[in-house]
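Engineer: So the sequence lines, in the order shown, correspond to chains A and B. Under the numbering used here, the first sequence is numbered contiguously, ending at residue 426. Under the numbering used here, the second sequence is numbered contiguously, ending at residue 235.
Hints may be right or wrong, so weigh each one.
Unchecked claim - Pairwise CB distance ranges, derived in the manner of DEER restraints:
(1) A:Glu93 with B:Arg170: 29 to 35 Å
(2) A:Glu43 with B:Leu58: 31 to 37 Å
(3) B:Lys51 with A:Thr19: 52 to 58 Å
(4) A:Leu40 with B:Phe44: 23 to 29 Å
(5) A:Arg109 with B:Lys51: 27 to 33 Å
(6) B:Leu108 with A:Ser99: 45 to 51 Å
(7) A:Arg109 with B:Ala107: 54 to 60 Å
(8) B:Trp46 with A:Arg86: 26 to 32 Å
(9) B:Arg162 with A:Glu93: 39 to 45 Å
(10) B:Ile120 with A:Thr19: 30 to 36 Å
(11) B:Phe122 with A:Thr19: 42 to 48 Å
(12) B:Leu108 with A:Glu45: 40 to 46 Å
(13) B:Phe44 with A:Arg82: 46 to 52 Å
As the list claims (entries may be wrong) - Pulled a few chain B residues facing chain A out of the computed Cβ check, cut under 8 Å:
(14) Met155
(15) Leu157
(16) Leu160
(17) Ile161
(18) Leu168
(19) Ser178
(20) Leu181
(21) Leu182
(22) Ala185
(23) Leu190
(24) Leu193
(25) Met206
(26) Ile211
What the hints contain is simulated information worked out from the structure, not anything from laboratory work. Ideal Cβ placement from N, Cα and C applies to all residues, glycine included.
These are the residues of each chain, in order.
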Amino acid sequence: MLLVGTTVGLTLGLGLIVSVLISQRTKLKLEREKLALARASEKKYSDLFHNVSDIVYVHSLDGAILQVSRAVTRLLGYSSEELVGRSVREFVRPRYREAFDSYLRRISTWKSGEELVGILPLASRRNGELYLFEFRSSLIQEDSRIIAVRGIARNVTDRMAHERDLRRSERRTSALLVESRLMQDNLALLSREILKVQEEERLRVSRELHDDMGQILAAITVNLEIVSRDLLRDQVVVKKRIADTRVLIDQVFECVRRFLRELRPETIDQLGLLPAIRQYAHEFTDRTGIEVVLKEHQVVEKLGSEQKLALYRIAQESLTNTAKHAHAQCVTIAISKENHSVIVEIQDDGEGFDQTGNRRPEPSTNTHLGLLGMRERASLVGGEFSVQSRKLKGTLIRVSLPLQEALNPEHVAN
Amino acid sequence: MSSVLPVVESTNPLTTGVLDLKFPAIAYIDVASSFLPLGVGLFHWRRLAKEKLIFFLFTTIALITELVTLRMALSGIQNLWVLQLYNLIELILMLVVFSAWQKRRALRVAYWLMGSLFIIFWIAAKWTGLEKFDEPTLYTHTVSSTILVVIATMTLLDLIRSEEVELLRDMRFWVASGALLYFAGNIMLFLLSGRIAILGINDAMTVYSIHWSIDSVANVLYAGAFLCMDRQVA
């Protein structure tokens with residue numbers, strides 16, 4: 013009985029001790045594994061902490077540096093070891109210390125998860141230069157108690173300088189834009205004046221030609237008629253000379269009339285735009301041999317006289333360009349109505365030109381100026397102008413003019 | 002921890018004052034092992050404080066009791082009253098040590114409640130004559146051993162739950178293990194000490210050899226406790 017009791021007691025006692033040892037050993041093993049993991053994690057953290065290009069820091073609530081990454085050496089010339097334990101305040105220039113103190117005071121009112129961002133200049137030990145650092149700080153809490161502040165400080169000196177330059181540049185660009193708009197307005201005004209003066213001059217010249225030269229040529233013709241009637245029958249040679257001269261005078265008449273039509277086609281005012289274009293197209297075909305197909309629409313006659321003149325000039329300029337550069341066989345002038353606008357499309361089957369790429373525009377400078385002039389004319393009467401051209405695919409000029417009733421007072425005034 | 006053969010005046014042959022009593026080697030080993038915790042404790046004397054000092058006091062008293070009872074046995078003097086007193090001191094000192102390690106207040110109170118009840122029981126046993134001074138520690142030692150087995154077990158279970166990981170360097174483990182082995186292994190012996198006392202000397206020696214063996218192991222474990230002195234025990 014004694015033996016049994018002792019054996020049982022010893023066995024139970026030993027069993028418990030062995031169990032405790034095994035349990036502790038297992039626990040120890042787990043702890044070691046946890047420790048190894050923690051160490052590995054700590055190493056990773058340490059590597060990350062020290063290898064980031066920005067300064068990573070942990071400071072106490074009174075601003076004492078508790079931990080700082082090695083980037084501080086590269087950026088400010090201090091080793092992280094010599095900074096630990098010192099106050100950040102020591103490295104802040106006196107004029108910025110109040111701002112730093114204010115930051116420290118704010119810590120107590122900070123909320124968890126909140127991030128405080130600020131800029132603080134710090135001096136480099138290497139060259140004494142001030143660098144701007146952007147601080148992003150957040151709280152470290154333990155059991156709802158704030159124990160420290162951690163954050164990242166990034167050198168934003170260059171970024172701030174670039175931003176300053178950018179803002180300056182933006183201001184300059186903005187000023188230039190305003191100036192450019194002003195110049196553009198002035199240029200448009202000037203163009204209008206030039207075109208107006210040009211039309212007035214043409215009108216004056218055409219009147220001069222019509223009134224003076226027409227009268228003179230008529231008088232010469234009458235005189236020649238009288239001289240011819242009074243001549244004797246045997247003065248055949250002289251009569252022939254006179255007849256030749258009359259033919260020449262007729263040619264001069266015709267020349268002057270054409271010139272007058274080009275300068276100021278009275279047909280527009282007297283008969284309307286369509287007959288004027290028709291007549292010009294007819295003469296154009298006679299002169300150049302290029303066929304002109306006119307697709308008419310009476311709506312064009314509802315345009316104002318200035319619009320009609322502009323449209324006539326654009327058609328004139330387009331046909332001239334076609335004759336000069338396009339080597340076309342046929343030109344189609346199509347007039348149509350679209351909502352409250354008159355659309356005129358002038359399409360040729362010529363060589364066209366390349367509008368894309370850097371080789372724009374291929375046509376001569378005169379043609380280019382001609383296009384600009386057409387655009388300006390359209391714009392002056394409240395219209396829109398566009399040109400589409402591709403190499404060997406011909407050129408399409410499209411003008412859209414608002415009908416008189418659709419014009420707003422501003423355009424009418426213009 | 003005192004383990005010398007108790008000498009009962011009326012029944013044991015040794016009561017006749019025979020001085021040529023021969024103990025087996027394990028008895029001497031046991032006595033020698035009793036010096037071990039004391040020696041190690043003395044070696045670390047300067048670092049002893051609080052419960053460690055009390056434990057050192059316990060081992061010292063145990064050794065003194067060991068030597069005194071041995072001398073008395075060899076002289077054929079009845080030594081049971083020494084063991085009776087030692088039984089009470091042993092429980093109180095061990096309770097002080099274990100309660101100092103117990104972090105939970107409720108358990109500490111429970112320890113002391115058990116200790117108080119035991120003291121009452123011990124006094125009552127003497128008062129009523131249930132267990133006289135000149136009789137083996139039949140009931141009281143069995144009860145005190147049971148209490149200490151429970152407390153040592155609780156201490157070991159606390160250690161499992163404890164965050165302290167290096168058990169072999171923890172004094173609590175060595176002391177609790179020693180106490181557990183000693184008292185769990187000896188409960189039956191204490192319970193039957195009345196009968197053992199009237200056995201013939203040879204049979205008594207055989208039975209006590211088991212006791213001496215367990216005691217030697219316990220002494221080694223207690224000595225181990227003093228080797229962990231560098232570790233701060235919570």
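Engineer: Just pull the numbers of the violated hints for me, sorted ascending.
Structural biologist: 3, 5, 8, 11, 12, 14, 25
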